[in-house]
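> Residue numbers (our numbering), protein chains in the order written: chain L, 46 to 363; chain A, 5 to 258.
Treat the hints with care, since some could be wrong.
Unchecked claim - Derived DSBU-like pairs: lysine-lysine, alpha-carbon spacing no greater than 35 Å straight-line: (1) Lys-76/A x Lys-306/L; (2) Lys-252/L x Lys-57/A; (3) Lys-306/L x Lys-19/A; (4) Lys-62/A x Lys-116/L; (5) Lys-306/L x Lys-124/A; (6) Lys-137/A x Lys-306/L; (7) Lys-306/L x Lys-72/A; (8) Lys-220/A x Lys-77/A; (9) Lys-252/L x Lys-62/A; (10) Lys-252/L x Lys-19/A; (11) Lys-307/L x Lys-121/A; (12) Lys-57/A x Lys-170/L; (13) Lys-57/A x Lys-116/L; (14) Lys-307/L x Lys-62/A; (15) Lys-220/A x Lys-306/L; (16) Lys-170/L x Lys-220/A.
Calculated from the structure, these hints are not laboratory results.
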Amino acid sequence: MITLMLLALFVLSVNMGSIHVTYGELWSGLFIKYNDKVAVILDLRFPRIIIAMIAGGALAVSGVLFQAVLKNPLADPGIIGISSGSGFISAVIIAYFPALFFFTPIFSFIGGMTACLLVYNLSYKNGFSPLRIILVGIAVNSVFAGLSSVFNSISGQNYQSASELINANISMKTWEDVKLLAIYTVIGFIFALIISGRCNLLALEDKTVRGLGVNTNILRAVVSVSAVLLASITTAVAGTISFVGLIVPHMGRLIVGSDHKKLIPFSALLGAFIMLLADTIGRLIAYPYEISPAVIMSVFGGPFFIILLKRSDKTYGN
Amino acid sequence: MEIENIEFTYKNGKKKVLDNISFKIEEGKITTLIGANGCGKSTLFNVLTKNLKPQKGKVLLYGENIEKIPLKKFASKVAIVHQYNTAPNDITAEKLISYGRIAHNGFYKRNCDEDEKCIKFAIDITGISDFAKSPISQLSGGQRQRVWIAMALAQNTKYLFLDEPTTYLDIKYQIEILQLVRKLNKEYGITIIMVLHDINQSIAYSDCIIAMKDGKITANGNQDKVITKELLREVYDVNLSVEEIENKKFVLAV
Numbered sequence: 046m047i048t049l050m051l052l053a054l055f056v057l058s059v060n061m062g063s064i065h066v067t068y069g070e071l072w073s074g075l076f077i078k079y080n081d082k083v084a085v086i087l088d089l090r091f092p093r094i095i096i097a098m099i100a101g102g103a104l105a106v107s108g109v110l111f112q113a114v115l116k117n118p119l120a121d122p123g124i125i126g127i128s129s130g131s132g133f134i135s136a137v138i139i140a141y142f143p144a145l146f147f148f149t150p151i152f153s154f155i156g157g158m159t160a161c162l163l164v165y166n167l168s169y170k171n172g173f174s175p176l177r178i179i180l181v182g183i184a185v186n187s188v189f190a191g192l193s194s195v196f197n198s199i200s201g202q203n204y205q206s207a208s209e210l211i212n213a214n215i216s217m218k219t220w221e222d223v224k225l226l227a228i229y230t231v232i233g234f235i236f237a238l239i240i241s242g243r244c245n246l247l248a249l250e251d252k253t254v255r256g257l258g259v260n261t262n263i264l265r266a267v268v269s270v271s272a273v274l275l276a277s278i279t280t281a282v283a284g285t286i287s288f289v290g291l292i293v294p295h296m297g298r299l300i301v302g303s304d305h306k307k308l309i310p311f312s313a314l315l316g317a318f319i320m321l322l323a324d325t326i327g328r329l330i331a332y333p334y335e336i337s338p339a340v341i342m343s344v345f346g347g348p349f350f351i352i353l354l355k356r357s358d359k360t361y362g363n
Numbered sequence: 005m006e007i008e009n010i011e012f013t014y015k016n017g018k019k020k021v022l023d024n025i026s027f028k029i030e031e032g033k034i035t036t037l038i039g040a041n042g043c044g045k046s047t048l049f050n051v052l053t054k055n056l057k058p059q060k061g062k063v064l065l066y067g068e069n070i071e072k073i074p075l076k077k078f079a080s081k082v083a084i085v086h087q088y089n090t091a092p093n094d095i096t097a098e099k100l101i102s103y104g105r106i107a108h109n110g111f112y113k114r115n116c117d118e119d120e121k122c123i124k125f126a127i128d129i130t131g132i133s134d135f136a137k138s139p140i141s142q143l144s145g146g147q148r149q150r151v152w153i154a155m156a157l158a159q160n161t162k163y164l165f166l167d168e169p170t171t172y173l174d175i176k177y178q179i180e181i182l183q184l185v186r187k188l189n190k191e192y193g194i195t196i197i198m199v200l201h202d203i204n205q206s207i208a209y210s211d212c213i214i215a216m217k218d219g220k221i222t223a224n225g226n227q228d229k230v231i232t233k234e235l236l237r238e239v240y241d242v243n244l245s246v247e248e249i250e251n252k253k254f255v256l257a258v
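Pulled out of the complex, with its shape left as it was, chain L reads as follows (with noise of 0.2 Å):
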């Protein structure tokens, strides 16, 4: 069902925008013979749309592992700083070191770590407390926010690219972010598959799960590394994009059920279809100019989440 809902999406958000050309035109261009506006759309918007795709996916799953982690159903990356540690870091990597850009996710991870690190210490004491974790994560976010931002003001003009990814720009993406993303991004999705049975074990109680023979340490420090891994790479490449990862789980949740099993792919079908969504209404809602899906995503992302947890006694009931 949400795997045809994304393929409509897809074949629909293709065509939108200033170029048209009838999907007559644009099989045989893609398939057939050369057309100058379906090379056009192939250059430029394919590669914008499969962006906005995977980084939904993986900013989705990514969301779903943390709030496994941290048994915080307000957690998601873009919240809690693991998204902008990284696009800082990103951003500096692509302004002073562009020849490295196919290492950008591997500084972004080191970024996204870092602020992971940083939350996990700060909030720890006797376990993790839902809210200090909430609130170390806020702090930590605006910290590394205020330093792009810096950043921006200082150098943006001289450095597009690390501006755009600052701004979370996904309109200038080539097939060779696509290929970027879509390397590091499988990685973690592997993993996340592997692990998502046990993510299921998170809910119970610590002490009831080492009962069970299984170390809660060694299980939380991989899940929280696929987690990073996955926001990380997204924001290297598609910019800081908040609430996919807080929303999407939720919904998932509502729909398939807490069992990892299921959860983990279908956030990550759901959460592509979101940001594609997002991202396809950005471009027409007030064309000829575009809204990042980022900010579509928080001022539509916002009142959707309230409903719904109004709407729910099914995960939320006692």
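Take the given structure of chain L and dock chain A to it, following the hints.
For chain A alone, coordinates are given in the frame of chain L:
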């Protein structure tokens, strides 16, 4: 299981919560820990179940220091039901119980026949087959507690630790749980170590009672002999009379 000279102090704490504790848990018996709030019985429970590391002393399981036993191996020998448990609302009882098999399974290889047998045994003996497929949120407190016990039983161990298994339950469910515990002990020879609050239930359902106060053991022995007026005064700091009815001891806890 042998406990030798355990000493434990919490981080930042000045007082020893456990002070030179030594005793032996006899196999095939029901041993109950009693004592006032803050006497150290929960800490001791956590030391025995590998959740806290004592600063001094050791706990031996079949002669092996439990600190040296990896968690997974420990879980295949000792099952634990903690006092406080949480689970996602939509998980089924059966799914939860199947987690009890993790200790016996590798990441990929599993022994399905053995798993199924143990899960079925756990479901049958705890009497939860009627609602094994129901989500945990629809179960009552007493039913949930039986599910947690079933999860521990699926681990198929010779030792079962229970931390206040009857707390938060109505009297009917308390009795149900205690009778289940007795059945597990008598019919299946499982060694039970539990923490209980109710002194009368401790007497009725244990073979051995260990009473604690201020991190020390004040009495250890046969349930009929241990409980006296003097002991209750020492351990709980209250004056209660202990009566004998048909050769069974009862504490008038009012």
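> For a quick check of understanding: which of the numbered hints are violated here, in increasing order?
3, 14, 15
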